[in-house]
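Q: Chains A, R and L supply the protein sequences, listed in that same order. Heads up: the first sequence begins at 2 in my numbering, then just goes up one per residue. Heads up: the second sequence begins at 17 in my numbering, then just goes up one per residue. Heads up: the third sequence begins at 340 in my numbering, then just goes up one per residue.
Heads up, some of the hints might be wrong.
Stated by the list, open to error - Computed from the model, here is a short list of chain R residues facing chain A with C-beta under 8 angstroms:
#, residue
1, C103
2, D131
3, A137
4, D147
To be verified - Coverage of chain L stretches by chain A, computed from C-beta distances (three or more under 8 angstroms per stretch; other residues unrestricted):
#, region
5, 540-552
6, 605-618
In case anyone wonders, no lab produced these hints; they're calculated from the structure. Everything numeric in this text was worked out from a predicted model, so none of it was measured. The beta-carbon is built from N, C-alpha and C at its ideal position, and this holds for glycine as well.
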Amino acid sequence: MTVTLVGVAALLGVVLMRGLPALGPALLFGDVSPLAAMTGAVPVWDGIWPACAGTFALLMVALGLAVLPGIGCGIHLALFASPRTRVLLGLAVDLLAGVPSIVMGLFGFTLLLALRRTVAPDASTGLLLASVCLALLVLPVLVVTTRGALEALPAQLRLTGAALGLDTWGRLRHLLLPAAGRGILGGVLLAAGRAAEDTAVIMLTGVVASVGLPAGLGERFEALPFTIFYLSSQYRDAVELQRGFGAATVLLVLSLTLLAGAWLLQRVLERKWRGVLPVSHCQGTSEDIR
Amino acid sequence: MRAVRGVLHRATSGRVNGRSPAEQSAACALPEGLAARLAGVRVAFGTRQVLHDVHLDVPSGMTTVLIGRSGSGKSTLLRVLQRLNECLPGCTTTGRVLLRLDGRVVDAYSGAVGDPSWLRARMGMVFQSPDVLPLSIRRNMDMTLRHVLCLPETEVAPRMEEALREAALWDEVHDRLDENALGLSGGQQQRLCLARALALRPAFLLLDEPTASLDIASARAIEERITSLGHTRTVVMVSHGLRQALRLADNLVLVDAGRVVRVWNRHGAGLPDVAELEHHLED
Amino acid sequence: MLRRWKGGVVTTVCALCAASVALALVAIFAFLCLFALPVFMDGQGFAVIAGDWKPATGSYGVLPMLQASMGVAGIALVLGFPLSLGICCGMNGLAPSGVGQMFRGLVRCLTAVPTVVYGFAALFLLVPLVREAAGRGTGLCWLTASLVLALLVVPTMVLVMEAGMGPTVERVRLTGAAMGLNRGQVMVHMVLPLCWRHMAGAAALGFGRAMGDTLLPLMLAGNAVQSPGSPLESVRTLTAHIALVLATDSRSGTYGSLFVAGCLLLLLNLAVQLVLRVLARSGAQFRGRT
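Here chain A stands alone, though its shape is the one from the complex (with noise of 0.2 angstroms):
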């Protein structure tokens, strides 16, 4: 146990202890004022604000394009399929858990040859296509935290809901999907810490080292994971290298952050379904009442 500990506290140690002091306006924007960096106004060359701004971008656009079916897979499995539906369906998104992501990548510029051949001839890697495999990547994460969370529910509360009147939709949108929140919602921000830290899906499929912030959709695009990559084997002086750390700590807080914003946040949905007052506000807790 403590050489497990040791040895993740030795490199996250290095991490960050190079990195935080690397951490500024200086890190993001290189020499260009901050304002005009963020509109776009004056290009970033050393800095890794294009990065931190492509990475957002491919969280939106991969999430946007993943939390809908992703879901919805979801309750299908926990809900509405039939015992063989489920099993052969489960294989599927274990199958699909199980791709590595540079296969997911290489998925990605296969579509991208099929595409050049047969409908889009002047195709070519970017934004889009990342995004979709990214999509794909974190599918199975939405679909398992999903199912989980509703089949974690008891079984009275779909005969209640039936009992009282209400439909389909009724018992989805008022029982189910709120009390399952909270693990849904964990596993939409699984998903994005996921999307936002693969690299091998994205260097196949249109992120470059340097090209500014993110054009379009089918532009090519830089994002932090790669940035990282790239310094770390063509660093060629110790700023950049700095640059380098400074960028993993970025990453890395990005990582936790999100991950701590996934629990603060179930916490206030929790509190918000059930409607009840915070326990401070009462003499004692409800339970002295019995």
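We have chain A already, so just place chains R and L on it with the hints.
A: Showing chains R and L alone in chain A's frame:
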């Protein structure tokens, strides 16, 4: 204009006295004085047959109590009325169930019903263990008032008070409606479930061993409610206690191995005594 | 009226989502197999899998890479499995209870750490260490990659093992104590034998994850094309191979072997999933008997 449209509609849809031919024949099969009639009802879960060819008449405005050994199918029979068995996996139901709802006669399992949730909303079900949702008391009541009945904002609070008073819970909870329902005692939770069902102003009240998980004092309170409610609406109840059944029933139905074996009527031939009932159960 | 067909719409939408997930999986397998097929048809046949990688002579075999992938993942498993087991046992009673709880939260946090950050940190911390310890080479070798991979898969394995061990410990703790066994003995003689399926499942999952990772072998294993010999030699895994070849944009002669490599990875993933399912099913039968 509306009168003309009404005449045209009736003329083209073949309705007589405002009823379609199907409804007409259904109405004939359900005489006045009966709230429900089950004819040839069979229920199976997968390969396991639970109810075999059940025939039962449920009189209006009276309390019908189903008794029988455990595993005899009483709860399944109760759930047939509200079409709740469909929510359990692998269920097949055949037969005819006629219900009198809002003055009309409905064949509950016919295709004309469509999505059964409107049917379920005309009846209230209370389960054996209180199934309050882990929300505030207000939110529990909101489930039926806002989401099923879709009442306008102004009507929600008065209806909630009305239902809670009918369940004899208003005095105990009116000042803590925003507290978690799980903090209530067992008896109070069961009365909340009752209130939640009563908020629908249902034609039928279905109770599945409502006092089984309660202590004696709470059980008495619930029984009192059932007695007073039974005067104004049709109550169908499953009971686990013979004495309770004899106290509450106007119509006593003995169920055994998925069949209705005997029916006694308090106002007709009279109810048996406990010893006789025990004897029947042991057979 | 509106409510009636809303229910139908909801179920249809969910079914469509489920279908799209299944379709995605089929598409991935189909595309990769379709593109890999010509390689076999062309006459190269199994030379691609069994042969060596010498582009100059026109031999595009991926055997060394396959061996490297298995080797790297294997050593990572050998290193990581005992660590996971230790952490799991610690969380379930062998360590003081406060420590166990803390570890649970910590492990959950660790699953969020990006791979590329591990790689980056290891590059500057571990590689020099290995270089000095070995006395020769660059430090970029099989051993380095396996060490960090082990750290990567430990959190996942711990979570899977914990899912099985936690309930088992709850079940047998009182029984064991009543028989006079201390905590360690309960763990060794009662819990572990009952949970071996979860252990095996965790191992399979960890192996699959290690096989499928790209960044760590790419950054740390050296990427020389040779059959793995001593752990201090540089190797190239299948995943790194795909990334390197596509990234350098060589001519399409080499692409064929990439698709074959991709298919191999998919097949290995399929094998892992089948092993997991067989384990789960035999576990269910076992539970049914007792």
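Q: Could you run down the list of hints and mark each one as holding or not?
A: The hints, checked one at a time:
About 5 angstroms separates the beta-carbon of C103/R from the nearest beta-carbon of chain A, less than 8 angstroms, and the hint is met. Satisfaction of the interface hint for D131/R is found here, the shortest Cβ-Cβ separation to chain A being roughly 6 angstroms, below the 8 angstroms cut-off. Proximity of A137/R to chain A holds as hinted, the smallest CB-CB distance being about 3 angstroms (cut-off 8 angstroms). With a cut of 8 angstroms, the hint placing D147/R at the interface with chain A holds, because the nearest CB-to-CB distance is about 5 angstroms.
Given a C-beta distance limit of less than 8 angstroms, the hint that chain A covers the region 540-552 of chain L holds, as 4 residues qualify and 3 suffice. Coverage of the region 605-618 of chain L by chain A holds. Counting CB-CB distances below 8 angstroms, 7 residues qualify, and the rule asks for three or more.
Violation of the numbered hints given earlier is absent; every hint is satisfied by the structure.
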